Every structure is written in C-alpha cells, then in structure tokens.
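*Asks:* We have chain A already, so just place chain B on it with the hints.
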Amino acid sequence: MIKLFHVYKTFDDRTVLDDVSLQVEKGNICCIVGPNGAGKSTLLKMMFCQEQADRGQVMINSQNLTRVHRREVPSVRRRMGFVFEDLQLMGRKSVLENITLALTIAGTSKKRGQHNMDRVLTTLELGSRKHEQTSELSAGEQQRVCIARAVVSDPLVLLADEPTASLDATLTAAVFDLFRGMSARGTTVVIATQKQDVADQFPQHRLVLNQGRVVNAINP
Amino acid sequence: MRYLSYCVNEACANMLEARGLSFVALMTTALSMLCVGLFFLLYVNIHAVLQSFEDEINMIIYVHEGRTAEQTSTLERLIQSYPEVDTVDFTSSQEAIATYLERYPSEAAAVSALGEGALPASFVVSFASGSRTVAGVESFATKIEALSGVAEIQYGQDWIRTFWWGNHVLVWIGSIVGVTLAATSIAIVANTIRLTLFRRRQDIHILRLIGASESFIRGPFFVEGAVLGLLGAGMSVLFLKAIYESFTYSVRDAWIAEYTMAFLALPTLCLFLVGGTILGFVGGVFSVVSDRRTQS
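Heads up: the protein sequence lines correspond to chains A and B, in order.
Heads up: the first sequence begins at 10 in our numbering, then just goes up one per residue.
Heads up: the second sequence begins at 1160 in our numbering, then just goes up one per residue.
If you are wondering where the hints come from, they were derived from the structure by calculation, not from laboratory data.
On a predicted model such as this, the values are computed, not experimentally measured, just so you know.
One thing to keep in mind: the hints can contain errors.
[Unchecked claim] Here are some chain B residues pointing at chain A (derived, C-beta under 10 Å):
id: 1; residue: R1161
id: 2; residue: Y1165
id: 3; residue: N1168
id: 4; residue: Q1361
id: 5; residue: D1362
id: 6; residue: H1364
id: 7; residue: I1365
id: 8; residue: R1367
id: 9; residue: L1368
id: 10; residue: I1369
id: 11; residue: G1370
id: 12; residue: A1371
id: 13; residue: E1373
[Said to hold, decoys possible] A few chain A residues facing chain B, derived, Cβ under 7 Å:
id: 14; residue: P83
id: 15; residue: R86
id: 16; residue: R87
id: 17; residue: Q97
id: 18; residue: I114
Glycine residues also receive a C-beta, built at the ideal position from the N, C-alpha and C atoms.
One chain only, chain B, in its complex shape:
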C-alpha cells in the first residue's frame, strides 16, 4: 500500500514537473482514442441499422409462366420445408396485375397489351429469426435458384451487400487507424517517460544505493504511463460525447433522425478507459525496458 502510494505520488510529481511534455502525451492518447471511438460509434450505429434491415428482410421468388396449379403448390410446399423459412405467401399472376393496376391505374392499357402473363406469379418468403442475416439469405437464395420452376429471385441483394461491405470496410479502416494511432500513443508516452528517466537518473542511482530493487524503481514509471493513458482515454470519452451530442442536435430535423443514434454503452466506455490505461502502461514498459539507464 505504501509502495503504491509512493508510485502514484512519484508519477504525479513527474507529470507535474514535465507539464508540457505530459500534456502532449495526454492529448495524443486522447486524440488516438477519440479516432478509435468515432469509428466504433459509427460501426455500432451502422450495425444497428443493418440489423433492423435484416429483421425486415424478405425474398420474392418469381415462378416461370405456364405452370399448373399443382406444380405451383408443390413448389410452395418445397420452399416451406426449408428451416430458414417462416412464412410463404403466394401471389398469382392475376393478383399481381390487379395490385399493380390498383396502384398505377393509368398503366391499364399497357398491361392489357402484354396479355395475361404481364406480371409473373410469385412467392413472398419471410425468414425465421435465426436466418435473417445477409449470409443466411444469400445461402438460401443459392438453394432456391436451383429449384425447377423458379424464374428469378429478389431480396434487395445489391444494396444489402453494399451496406454489409461498407460496414466491414469501416471496421477495417477503424482497426488500421486505431492500431496506427495506438502505436503512436505508445511511442509518445514511452518517449515522455524516457525523458523522465533521464531527468531522474541521479535519483535512480540513489535508490539503487539504498537498496531499491529494479521493480521498485520501475514502478512509478509504469504508473506514470498508465495514468497518462487513463487520463487520455477519459478525455477522449468526453470529446466523443461532445461530438455525439452536437451531431445528434445538428441532424435532429434531417431524415437520419428517424434512426435512433446510440452512444457507446457503459461497459464499452469502461473498456475504453481500461484500453487507454493499458496503452499507457505499455508505453511505460517500453520506455523502461529499452532504457539502459534503468539496468543496474
């Protein structure tokens, strides 16, 4: 306990003594964590939107013209037998034309010119809860396409795929930027502490003379790194909240306001603070291990 108090006191004294340098390290860590946080916030919200799309995902299966009622009924039973399927609704060619004309009455002449088969019969498939994913629906589509009597299937695959890839690209960019900036933070914290080690070399020499072990000597520098990381992460959370609030306020009347923008959950924020602390601690370890002055 006494040692921990010594470490914290020493770390604070070191940071206060090198205010400018510590501030730079703090801000770098805060900005790095902020970038990671922004990407994460975007990911969480885009993922939520994607999730809501997936919940509403349906598939329209168009059947070939000229099939008998029995053939259509067999196909319906076959589709219904897949575990991914929740419900199957059949719409005949006549029903499809009637619905179309109800919506677009001015197109009546054009539809009658095309004859009875102007619009094909179709099945509207809704999916079981466990299969309402892009991957699940795509896999189901491959199976359905191979069935006899299926002319075409539609489930908005292009935009879903684009959205899904967009989300993945965001994760990758976020990860790359995050790792790069985290490495920058570690390097800056490590350099800050290395300079502290240089300033403290006489004190370190004295500590060795009075019997301090290497771990005793190194402790305050590890704590200094961890404190810098924790404070940096704390600042990044404040910045992130400010950006989130100002964004939600500025788009309150726009279309995007339909979707509820969520802030990071408390466990995620705690994880953020822990992450920042670990980042700083690693910086401290790097500086001490790489500095020969700390070797007896």
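Just chain A, same shape as in the assembly:
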C-alpha cells in the first residue's frame, strides 16, 4: 500500500510538488499523468527514497520513508522494482547479467528466480538477445531489459517512469499485461506517464498533475 500525505518539494525556489496526496491500495494500479515538468518523476523518486519531501509524509507498506535512515534505503529498494526513465542499465553487462543481478540483490531463490526470468524474457521477447551486451541493444530493447529487471523478483511495489516510451503498440500491450498480472498477484503498481492513451489503460486510479499541483484525481 502506498500513501502520500500533503507532500511538498522545491528545487532552488521552484515548486515541483505542491500539496500532493495519494493512496494506492495493495494490488492496485495507479497512473500519474501530466506534461513534462509536472512533478511525476519526482513523486516516484520520493516513493523510491531517491528524493526527500520538504514537507508531508510518504508511506510504503506502513513504513514512513521520510524517516528512513540512509542505511535502510537498500532494504526498502529491494522490496520495490523501478523502471527508470533513463533506464540505468549496466552497458558492459549482458541482458541476463543485468536481470540476474536484480535477483541476486533481492535474494530471490534460484528456482523461483529462474522461473521468473524465463517468464519475463518470453513476455518481453528478450530470449534471443539475452546474451547480448545491453549497450549493443536498441532503445526499445533496452527499455524492455529495464522493465524485466524491475519485475523479475516479484516486488511488492512497482514504480514505472514512462515505461513504454520506446515501445511499439504490441510490446506496450505485453508490458501492460505483465503489470496487470503482477497487480493480480498483489503488487502495487504506480505508472508515471505523459501519454493519455497509457493512462486510459488503467482508468480505476489516476492522479493528474500540472506544475506540481493535483488538477484531477480518480480514487487518489
């Protein structure tokens, strides 16, 4: 479960988030929609302990992230998956190595890890490229590797920042099916996007941001 209470954030006197509140129940999918600079990524980064709120509270599974000690951050992140907008892949490592590393860090058992890996590689059509260095892949393939790494350990929370920006319609649909499947298994999913058609895929929960303010919300 994710809860944000009256969150504020400024960067150099520029208000990025202005009194944003949000609640996503366990196993639900929520879309944060808004144009560039609306504060979507900053909001996701707060849920991932990458940014700190100036005011307000960020709660993930009853843990108050605004009070998390620096040393506890890795354990918080190990329970989450994050699809980064800038991918953050290890270019010299293969697809398999990038994904296996996430499994090793999360402490997923070898058997379950192998099962998840096979499933994810098949769903995201990466099986034939799994031994390639990620730096050699196309933008769309790299994005799929980033998604695979985020979902492979079955995290409790999945945060995805523009997860389908470089994907075609077929793969976009496959990714959303993957997210829905995870949600059905109890993962709470938050997607940040500026595309209305992506948001339309998940109409149950939505938060519309503009210049850091909530301008519209469906079950926020």
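*Replies:* Relative to chain A, chain B alone:
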C-alpha cells in the same frame, strides 16, 4: 554462493579490463613477497647452521697452575654439579703437553724451555641438550668465571656472538624491508582498486538504485584485492624456488654445499600465500574505505 560467484566474476572482469594496472600491482606484490621470502629463506638456513653449531658447542676451562689434585677434583665435582653440564673431562698439564707434542713434534724444544707448566690443566665441558644455546652457555660461563681456581674459559664466544648477532640483524633487516615493501604493495593494490572504483562509479550508482547494500557493492573490490595478493604471493613463491634452485646448483661444488640448504617448508609456503591474500585484501579495504564514491 551466488554472491561469491558474482564477486569473483566481477573481480576477474575488473582485472582483465585494467590488465596493465593489475599486472603492475601483481608484480609489485610478487617482488615484495619475494624479498620477504629471500630474507626468510636466509634466516631459516642460517638459523639451521647456528643450531648445528650450538649442538656441538663445548667449553674449555683452564685452571690455575699449582693446584693440588684434591683441589682440582673438588673443582671438577663443582662443575659437574651444574644442571647445564652433561660431561666433564679433565686434561692435566702433562697430558696437554703430550697431546700438543704429538701434533707438533717440532715444538718440543720450545715446550721444554717453558717447563712443566707450559700448558695449563683444563676441563672440557659438554652441555646438556637444553643448555646448548649461546645464551645458556654465556650464562654458564659467567658462573664458572667466578669460581676459585679458574684461570680462563674458552668456547669460541667471539664468532658465536658474531653469528648470533648476524642472524638477528638479518631478521631485523628482513622485517623492515618486508614491512616497507608490504606497505608499498598495499598502496599499489589500493590505488589499482581505487581506479577500478572510479571506472565503475556508474555501475555502483545503478547497484545502489536497485537496492544493493554497501557490503554487496564493496565485496568484488575486496575480492579483487585478495586475488591480486594471492596471485602475487604465488608468483613470489615460484620466483623464490627458481632462485633457490639456481643458487644450490651454482654452489654445488663449493664449501657451502657441506651444509644442506633447505627450501621453505610447505606450511610456511601456505602461510606465505595467506599473507599475500591478506595483504591484497587490506589494499582493497583501504581503497574502498578511503573512497568517498563508495559512500551512499
């Protein structure tokens, strides 16, 4: 297990990627360990020679002229009563002269000119096994010198002392050189890994983002240091063996060949490898701890 395999793979990949730098670190460690090994090898062999000298150590106690047979006998019993003493053999003045003349017959005129007391009577003392050390014999000599009737004692003290000090000086020089070179090795391994950390800063950032703990991130760098140290120590053992073999071959006909030159024993060699590994590991720890990039 999976983490250990990850650490070893990462460490090997890092070393292969920076081959030149890793080679320099490897050679420095190998040469440092080789110097320590050479000193140790010298020490072990010189110590063995000293030990063999100590096993054969005897003391000659000369007695004053003009002592009665009873006085001499009392002195002999007194010497025999010391726990350090194994056997005491008495040689009278006449026996000493006879032995001398047997060996040097041409000196007969000179000896007879000096009279009956030309050579003094003496006791030859051999020591009990636990007292056949330079320190033990020196301490015994101090006690004997104080006895009435003892004119002089001889046990080759000058050269034994020189040999003993030589061995100690060797240990000190070896230790100082060893510590200095070990510190150099640690510094070079630490710098090698620091450069790896710099090259890997983006990967380290990503690892943090996906939830890796600091110990998880640091592990491969510690392993890299330990592997560099282990390989360096292994190379030093090979170099040492080569030097030992070529030395024993080149002196096979010289006087020194009388003494059996021993190579380092297997447990010592294992200790050497462990020492090298620890040296490298310490280098890895220094680099990671001192590098702020590894702090979250």
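*Asks:* If you take the shortest Cβ to Cβ gap from P83(A) to chain B, is it below 7 Å?
*Replies:* Result: holds, 5 Å to nearest chain B Cβ.
*Asks:* Measuring from the C-beta of N1168(B) to each C-beta in chain A, is the shortest one below 10 Å?
*Replies:* holds (9 Å)
*Asks:* Holds or violated: the hint that H1364(B) contacts chain A, with Cβ atoms closer than 10 Å.
*Replies:* holds (8 Å)
*Asks:* Have a go at the R87(A) hint: is there a Cβ in chain B nearer than 7 Å to its own Cβ?
*Replies:* Since chain B brings a Cβ to about 4 Å from R87(A), closer than 7 Å, the hint holds.
*Asks:* Grab the minimum C-beta distance from Y1165(B) to chain A and call the hint holds if it beats 10 Å, violated otherwise.
*Replies:* Holds, because the Cβ-Cβ distance from Y1165(B) to chain A comes to roughly 6 Å (cut-off 10 Å).
*Asks:* Tell me if the interface restraint on Q1361(B) is satisfied: Cβ within less than 10 Å of some Cβ in chain A.
*Replies:* Holds - the Cβ of Q1361(B) comes within 10 Å of chain A, reaching about 8 Å at its closest.
*Asks:* Should the interface hint for G1370(B) be scored as holding, given a Cβ-Cβ cut-off of 10 Å against chain A?
*Replies:* At 4 Å from the nearest chain A Cβ, G1370(B) passes the 10 Å test, so the hint holds.
*Asks:* Should the hint that R86(A) touches chain B count as held when the rule is a Cβ pair under 7 Å?
*Replies:* Holds, because the Cβ-Cβ distance from R86(A) to chain B comes to roughly 4 Å (cut-off 7 Å).
*Asks:* So, as I understand it, the hint says A1371(B) touches chain A; can you test that by seeing if any CB pair is closer than 10 Å?
*Replies:* This interface hint holds because 5 Å falls under the 10 Å limit.
*Asks:* Should the hint that R1367(B) touches chain A count as held when the rule is a Cβ pair under 10 Å?
*Replies:* holds (7 Å)
*Asks:* Is the hint on I1365(B) kept, meaning its closest Cβ partner in chain A is under 10 Å away?
*Replies:* holds (5 Å)
*Asks:* Restraint: I1369(B) near chain A, CB-CB cut 10 Å. Satisfied or not?
*Replies:* holds (6 Å)
Consistency note: the structure conflicts with none of the earlier hints.
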